[in-house]
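*Asks:* One letter stands for each residue in the lines below.
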Amino acid sequence: MDVVDARPILAPFVSFLCAGLVFAFGRSIFWRRFFTFLAAFIKMGLVFSMLPGTLRGVVYVYEFVEFTPGIGIGFRADAYGMFFALVSSTLWLFTTIYAIGYMQGDRDRVRFFGFFALCVSTTVGVAFAENLLTFFLFYETLTICTYPLVVHAETREALRAGRIYLTYTLIGGGFALIGAVMVSATAGTLTLAQPGILTDDVGVVTLAIIFVCLTIGFGVKAGIMPLHGWLPIAMVAPTPVSALLHAVAVVKVGAFGVTRVIYNVFGAELLGELGFTVPLGLLAGFTIVASSTIALTQDHLKRRLAYSTISQLSYILLGAALLTPLAATAAIVHVANQAFAKITMFFVVGAIARTTGKKYVSEIDGIAARMPISMAAFTIAALSFVGVPLTAGFITKWYLALGALQADAWWFVLVLIVSALLNAGYFFPIVHRAYFRPAKEPWPPFEEGRRFETAKTLLFPIVICAAYVLLLGVTAEVPGMPFSIAQVAVESFFAGGGVAP
Amino acid sequence: MKAWSLLLVLLVALPLVVGVVNLPTHDAPDAPIHTGVGVRYLERGVEETGNKNLVTAVLLNYRGFDTFFEVIVIFTALAAVLALPRGSAARPGGFPEEAAHEADGAGGRPAEAAREANGAGVPVSPVVSYVVRLMAPFMAMFALAMLFRGHVTPGGGFQAAAVFAAIFIALGLVLGPARVAELVPDDWRPWLQGAAPLAFALIAAIGWRLTGAFLGFPTDDHTAQEAMGLFLEVGIALGGGVILARLFLEMET
Amino acid sequence: MNGGWAEALPWTIVVPMVGAVLTPVVAARRPRWAGAWAWAVLLAASLLASGLVYRLATDGPFAYDVGGWAQPYGIELRFDHFSAWVLPLLLLFVVIVPFSWRYLDHVMPDERRPAFYALLLLNAGGMIGFCVTGDFFNLFVFTEVVSLSSYALVAVGGRGLAAFAALKYLFIGAVSSLLMLFATAQLFALTGSLNMADVAGRLAEVGGGPAVMVAFAAYAVSFMVKTAMFPVHVWLPDAHAIAPSPVSAVLSGMVVKIGIVGMLRVYQVFFAADVLELGAFNQTLVWLGAISIVMGAFFAIFQDDIKLMLAYSTISNIGYIVLGLGLASPYAVIGASVHVFNHALIKATLFLAAGAIIHQTGLRTLSDLRGIARRMPQTSAAMAVGAVSIVGLPPTAGFVCKWYIALGAFESGQAPFGFALVFGALFIFVYYVRMLNAFYFQEPVHDVVLEAEEAPWSMRAPVVVLATLCLVLGVLGGIPLAFVEPAVLDLLPFWGN
Amino acid sequence: MLLFGLDLDYVLVIVLFCVGLYMLVSKSNLLKKLLGLNVMETAVFAFIVTSGMIEGGDPPILVAGTAAPYASPIPQAMVLTGIVVAVSVTAVALALIVQIHAHFGTIEVDELKELP
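Residue numbers (this note's numbering), protein chains in the order written: chain W, 6 to 506; chain U, 279 to 531; chain V, 433 to 929; chain C, 46 to 161.
Treat the hints with care, since some could be wrong.
To be verified - Only pairs whose alpha carbons sit at most 16 Å apart, straight line, appear in this in silico EDC-like list of lysine to aspartate or glutamate:
(1) V:600 x C:153
(2) C:77 x C:156
(3) V:600 x C:103
(4) U:330 x C:155
(5) C:158 x V:491
(6) U:280 x C:155
For the record, the hints were derived by calculation from the structure and aren't laboratory data. Predicted model, so just to flag it, every value in this text is computed and none were measured.
Working from the sequences, and respecting the hints, build out all of it.
*Replies:* Written out as structure tokens, the structure reads:
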């Protein structure tokens, strides 16, 4: 049921306005924080106020402007978009708190927080995009807005990372543009409101080109191998940026895009006939294993997390590529699960770096004694990634496995098991070193007048996110929690037929 | 270089020749050019415009809009020459943008030396000077004749302007540009050099009032038509003459 | 036919022209008044032009018979959807002129200002005339007004290299004008008429043939030179780079477009007459357009001088437009027509921003201008917006056009050109990233940069307004698109047969 | 004038045009280039005027002593406009050449290119 409502456009607009205000008045710390928090709360409020409707099956739409018939900018808060918007707007709030603590005394904070807000604006814009044009508009804007954040340090290394980042994402964007334009030329519409707009009467070759272009275009940001090269390098950015952008916004936007392509542009039914998703699934499976293996060899904490991200993102792609309802549900839920777990880890790593200056796995022996709360949170996140029951990760893996069996893809269960082992292989050594190895040298004591192991603004988001990872794992089936929203989304994906649930 | 130029020229020539040899023969009375729009001008031109010289009729009446912007073109040339940097040496202190460009070209020979080498400044022969001054009034009379007889004989405003300018230029050569420039008072100069377009704009507005059409001529009132036509011609002759003369004088100084 | 707002049609041309003639009169005592006068004149002309656009929007295209002569005996002015370009054109002038007030301080002494503004007004008036005339010979006359003033405007800033660049421009431009005159004469010899609509009708009777073909080709080549398409682009970079920045904005943004408008006019005639098989010609345009995109981008990458780089990117962007026209599918032509305006807007933003930086620092190369964003944040931000826009990335004005032209490429089954279009643009972004890095993320190397101040408001305001428009039109890009759509759909049935 | 079935008037005009073009592209001296341009202009004007002529025609001035057929008046008006345009272009070109000469001391393109 479609209801015209301005909230889908207001949500991205709020952070856009916030960015403008930060650029204009951001020199004062008070106003910068005031606007950022105000926008974060308003945005969260807007998104959450749509949640009850979404659960009832209501879809809020708002057509902003139509250029020529069939081409225009429109917003549509369907269940999947809502899911993504909820994740990103919630995490924006926490990351903002974290960033305020982390960036204290850093340079060019006006620019930082301004573009930070712009990124979130575009992320929500992507979530609520009604058609591919709108989607692409925000998708590319996100690329541009993240660039100043990636090169924030302005060192030679940062500039190089920025250049590589832009090369990958802009070429990907070019492919996405071509794909989107071809969709428009063949289907005559760009809407993402239906379970599939393409039909097979335009020829398999054209469809294949479209699929390849769009998958490359969005896959670049999702870090699917061999298009992942930018992700580990871009880790030179400040940690809040790495956390929000490389664990949440940028990479998830890519995965979100691929899912949209599979279920809303092509449709499960058509892809089921064409079989294009099989190579995509294989590639995703390969990425999961390969990047986990690479992660084992990384000593730099953030780079290890980056390779872990690449592998986790491919879970989402693989889940989507299986074309079964259960796998799709798992893929969607994993957007949230991975986001909260990974952001926890990034926060912890950032807090360690800020508090002790350590950035490598080999340097953090015995850190649990110095930073017990942070390391506990890290451990929870690690357990979630391995897929231990009662954590969020377990839900995903369970449903992914069920979905894979539903699709007769037994090999995927194998991949899951191998991946879980590899996850354990690269996360548990960190936990082990932190808890069970003696410190090489005494850790620096708490700063004067501090009761906690690190700044409160750093610790608070860590605790909340870790708690949420547990909460997700325990309350999977409760209405209103992510799982139920994902189910609504999946229903709409398979409304046009396809593999029977 | 020469061979390439020749090749380019031939490449251009070929299509052009193909184009022109395939045109209808112009000599024949049934050529499109003689059966087209021109027929009406020949048949009704005199009656509609009051001009026996149909070239003038086309120029001022039928296609007066073209002529309007023709005089604008020549005004553009004047504005162009006036807008260019003047004086032989770069300004002391200079302008940064100018200087930025000029820095590269500093290798050039000093302008003054070049000027002297050209032999400028040789005094004018008294014979030439006397003849020019003697001829000037007659040239002016000739120009006026072309101007006012233009509607029945070959001639008209532009031709008169060219002769007027010739007087100024000839005088400029023998008396020096400064003396000639004094012939036109400073206060009048901006008005005079814009005389032609301004005359057109005025007539256009009058025509608009009289006939309801921009640059329209009242076809039934030959006196008014002739007066308007003459006004335009005078404007063109004055404005065109001043501009042409000034173009020369500006480059001279 | 005449009447109502149509009466304003000839005056829209005449007002800037007469304004130009009166500039030396007005500014006789105080040369600095010339700038304000020119601005007022342009404002008045834009008011008239908005009246014309209003009439167009309510009643559709209309014509005006100059002197009240019935067609084809007099000169006809026509105002259709392509002519509507005069309104944005004038508005851009209205924004650019205030920028030039202070900018000229370091370009020329005060006493030359009246002549400069007269040239600017003549340029504007000539372009308006060019866009609205319905007569081939009249088209030539207006071309000359525009060209002549442009040659001079290039050279106002300096004596040596500027004059040389202007002279090069003049020689090439004059030959192209001659070709145009030749083509006009050719058509006249074929049909005995000069009125565009009448020529179309008579051509249909005469039929095709080599002579018609040569006339069309002469027009085409002439306009290609005016737009600086790939093989005949050599005059553009030097001329546009060396001209004072407001002039560069005018030349790069608008003057090169008269070639496009002229091409559309000639298309209208020849397609209405339906005497030529133009599929091959369209294909040529597409190829030349694609090559222009790539070559322009390629050369731009190697420039250190910011204005030279902007000049090369004009070639690239003209390539988009020509490619769009050659594709001859509705979306592509709509996109190309709108890019005529959008590119003017973006290029004006970039050139004015670059001009403000050059004015404040006296430096014009990337290596010198490192770190300028610290000292000139607003101008640099405008430059960044322009850079993103010219590459055609969302959410800016450049994106909308690129989308439509690419859509047209795929729609007409010429997918490779769609790829060329999309990736050609990214190619040029290599340069702009270097520029943005230098401006924002690198340490200043030049003392002047460290002490630079933000430009005076009369220069900053135009830049900021233009940059904002670049962003606004990225989101509201549909307005101009919807506007040209009827004209394009009207024209297309005759297009590439 | 017809020769071997070809309209020689027009062909001669094109020959003149090409002579001008050759001067324009091959000469190094800027003034000579400009002269070449003028020759080209003259060629086009000749082309236009020629196209308006008619066998045994009189000039289109309808006074006593002339009789039909008349030459077409339009080409003559066009050429008049064209001449004014050509004069203006020449004037601007000359002004620029003067500038170049004043600055570099030469108007030979070969030498200008060798300057740094």
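*Asks:* Would you mind marking each hint as holding or not holding in the structure?
*Replies:* Outcome of the hint check:
no. : hint          : result
1   : V:600 x C:153 : 13 Å, holds
2   : C:77 x C:156  : 15 Å, holds
3   : V:600 x C:103 : 42 Å, violated
4   : U:330 x C:155 : 53 Å, violated
5   : C:158 x V:491 : 56 Å, violated
6   : U:280 x C:155 : 14 Å, holds
Hint compliance for this structure: hints 3, 4, 5 are broken, all remaining hints hold.
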